[in-house]
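The listed protein sequences correspond, in order, to chains G and H. The opening residue of the first sequence carries number 1 in the working numbering; numbering runs sequentially from there. The opening residue of the second sequence carries number 267 in the working numbering; numbering runs sequentially from there.
Misleading hints may appear alongside valid ones.
To be verified - Have a look at the derived ranges for each label pair, beta carbon to beta carbon:
#: 1; chain 1: G; residue 1: 126; chain 2: H; residue 2: 498; range: 40 to 46 Å
#: 2; chain 1: G; residue 1: 199; chain 2: H; residue 2: 436; range: 39 to 45 Å
#: 3; chain 1: H; residue 1: 382; chain 2: G; residue 2: 220; range: 48 to 54 Å
#: 4; chain 1: H; residue 1: 273; chain 2: G; residue 2: 81; range: 30 to 36 Å
#: 5; chain 1: H; residue 1: 401; chain 2: G; residue 2: 126; range: 43 to 49 Å
#: 6; chain 1: H; residue 1: 540; chain 2: G; residue 2: 81; range: 20 to 26 Å
#: 7; chain 1: G; residue 1: 146; chain 2: H; residue 2: 422; range: 56 to 62 Å
Said to hold, decoys possible - Over 10 Å on every C-beta distance to chain G, these chain H residues come out as not near it, computed from the model:
#: 8; residue: 279
#: 9; residue: 444
#: 10; residue: 458
Said to hold, decoys possible - Partial list, derived from the structure: chain G residues whose beta carbon lies under 8 Å from chain H:
#: 11; residue: 47
#: 12; residue: 106
#: 13; residue: 108
#: 14; residue: 161
Because the hints were derived from the structure by calculation, they are not lab data. Ideal placement from N, C-alpha and C gives every residue a C-beta, glycine not left out.
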Amino acid sequence: MTSKTPLLDVNGIGISFGGLRAVDEVSFKVGAGEVFSIIGPNGAGKTTLFNLVTGIYRPSRGSVRLDGADITAVPPHRRVSRGMARTFQNLQIFFRMTAVENVMVGCALSERTSFLADMLGLPSVFRQNRVTREKALALLDRVGLADLADAPAGALPYGALKRLEIARALAADPKILLLDEPAAGCNAVETEAIDHLIAEIAKAGVAVVLIEHDMKLVMKISDRVLVLAQGRPLAEGPPRAVRENPQVIAAYLGDIGSREADRAHG
Amino acid sequence: MKAILRSRLTPLIALALIMALVPMIAPTSFHLRVAALVWIFSLAALGLTILMGYAGQVSLGHAGFLGIGAYAVAIGPARLGLDPLLCIVLGAALSGVIAWLVGRPILKLKGYYLAIATLGFGVIVALILHSETELTGGPDGMSVSRITLFGWRVTGALNWYWVSAGALLIGALIALNIAASPTGRALRALHDSEVAAAGAGIDVSAKKLAAFVVAAVYAAVAGGLLAAMNGLITPEAASFSHSVELVAMVIIGGLGSVFGTVLGAAFLVVLPQTLTAFQEYEQAVLGLLIMVFMIFLPQGIVPSLRALIEERLP
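Same shape as in the complex, but just chain H (with noise of 0.2 Å):
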């Protein structure tokens, strides 16, 4: 059982079961849409969690991250005719690109002020899509073309469940591999010590550019097809609160966790659909919930339900 819990692929398959069942039971496509909504967060945050979860470094500004991505696959067909699909990996790449450059400079800063730093970055992203409005279209955001995938045009709740399934699944299955590698060991030892990471011959930036400019990646291809999906998007997508959201469903869902991560996602996304009732204190219940959650679960919901489990096994 212990062996279970702790197996790289155990969180792999169940994530695929979940997604093979979710269908079955969704009564409407509007639930379809929410879950696909919780795939592509979960990939999002999942580039969060090898940044902070593993490696520890925080990021304030993700949110950026996921505008470019998005907003590559709203400007690229739109304004340069490119196709949309070579449109998310080239977001995807710029990302990466902009990532390494920006992360070389404030991945020395530690903590706090790294954590205003990125927040910095975030705020600028934000800030060009807003005022660019030649280009982004301005705060009224602009509209995206369907995505073909190798001649099939992508369009309906289901089939972008699908697409974003297994676009989460890639990325869980990458982030896991990375885990269970001397990269995610170095990862690992740098968030511990920094000094003893280097004093094993870890050279310590790197690694954190490494995992800063992958988070980035992951951000941008999430962005990337939230902006297909949705076939509209707005600065609102690079917005602060995005970024604070993104945190939280890494920290809610147990820092370090995959299938974790998957879980704060749901939780941040499914959760505002069903407290419409509560009309305008929805974001107040919805506060208060992650409040207790972090109370009585406060490493996060994965890590401390396997501890009560292995507390328990023989």
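In isolation and in its complexed conformation, chain G is listed as follows (with noise of 0.2 Å):
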């Protein structure tokens, strides 16, 4: 486990949907190179907790520390050039362009061309487009799809598609990674795939942050987990404490939950 000064520090974060508090007093801290996983039933507000992380829901209460800078009222779209890049649950692709147009979009914030120079189609622009593209084609190699980079975004099967919004997150050269999901979906050679990238990313430097359903996934590739349940942290640390704790299993895990946790250890 890597625990440097954190990269993310979230605090006593929460936030009320009509009297309702779908996430309340949750902390975290993740440190660079380090894997965190966030796991809880269905509704357990992991994904509520994501959007308050990066800026799509303003929390209520608490704050969200990128860097040591507080980014809780930044915009999504600032928290990127912070370093902040996350991919999205329910797939948000840009169905009607190109894979590798999709990655180039990614690439948005690293471009220096200005709207003027755009609409004059300077030679400027030819050049960012180059080096734009380059960079989308060995993003796109990297998560393995080099092959379908010119294939219409909605050509693409779904496992693939779950690879291409990994490589468009990374085109923002993040610090941190919030991942919803990514296998989500996936069979089990896709799952592997996915398993291997996100080590990989992990080892460069990134921050991580996973929410995911496959627990195996997630016991193997965690430095620590976070449990939710209601909105409520019910437990965190290293994988394996938190399968064993009997709270977790009882509680949260459940009868479903305890099968789940069963082939995780097998």
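With the hints as a guide, bring both chains together as one complex.
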């Protein structure tokens, strides 16, 4: 476990929707190169927590600090330039664009042409396009989609789209990457590929925050796990400790959960 | 072949060739005038292609910006003694500023709500042009003085043909440039998913606003040319039916296609002229033809045909 200065510091964050405390008093810290997973049953508030951390929702309580700076009030698109990128649980792909164009959009922040230059079609725009395309192709190669670069994104299979989203998020050169169920709906082979990919990303020094239902994947690649139940933290710690925490098994995992936990053991 | 179909310059070259051909085969100056109207309305619709086709934001009040551009060329010289050509530029700038002011609050709306808000804007502009009789001449409109281009007085169908063709070529080039640039990628991205575009660090509201302002400037320049060519302008230019026509041009030609926009404009400008034989049924026949086109080419003329051709190519 790498625990230097925390890259992401979420402190007592919470939000209520119509009186219901969807997320309440959640705190956690994630360091560079660490894989931090958030698990919990459906409706536990995992995606809401993600939306709070990435700024889609404004928290009613608590704060989010990135690299020491308070970003609680910073709008989502400006968090990207501070080093925070994410993927989405329900795919948010630019379906009418090609795979490589999707990743090129992810490079937007590193592009240096002005609106005026874009309108006039100056040579600098085409130089920029070439640089961006190179970078996007390299990223597609990294997630194993190089062959499909010029295919319309709408024609890609589900597992490929999941990896395309990761490539697009990586295009922003993030310090912290939030992945919302990257393996959901993927088969064993695709899950394995995503598993490797996440490990590689973390090894490169990026902090990874992961929401995932696939317990086997979570237990294998996480440095630490946060268990959420009804919007509140139930337990936090290394996978083994969480897995064996009787409170987690009893109170949250329940019947189906303990079977999943067994499967993770095996 | 596929590379040619996809090249950025193909529509521009095709357009330039057609522009060069039309005067050779046009039998009368009336036909040249109709062709010039096609270029002018294409220019206005091209702005909507950027706003609707690229960025996916609808505007049902775009004739309002056309009206602003048109009346700038009418009012500037008549009431303020300004140079008419300068007034086209000023009208475009004014239209852009108004688009910026109006766009900031209303572009937060999406889909139907944005459509209604822009519709409201168009109605207000038409209303002001109607009722500010002292300034605009009211429902009767006002006459527009001739434009002088570097000492050359632009008159006659052929001259107007070339001026409007030149303006459209410039407009088409800019639209194609935007499509092939980081800005174009950002606009197409937010068309598909605003949340993901923001997730890539794109300032979605700023990009939408930029597209709205550019679209307004296109419409204003087209309006200025229209007023100057006709020598007369009425509030009808800013009417709701004109706004709808502009949207129809963009959709019939193929959402997001520059060449398609010109075809859509040609369709809606030329057809009413040829349908006069149907007399009182003219509008009904036009409506029917639009329906038939959309049923058989649901993606619009250019994208549907392109898909057909690409399918048959190896």
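| request: Return the numbers of the hints above that this structure violates; sort them in rising order. | output: Structure breaks hints 2, 6, 9, 10, 11 and 14.
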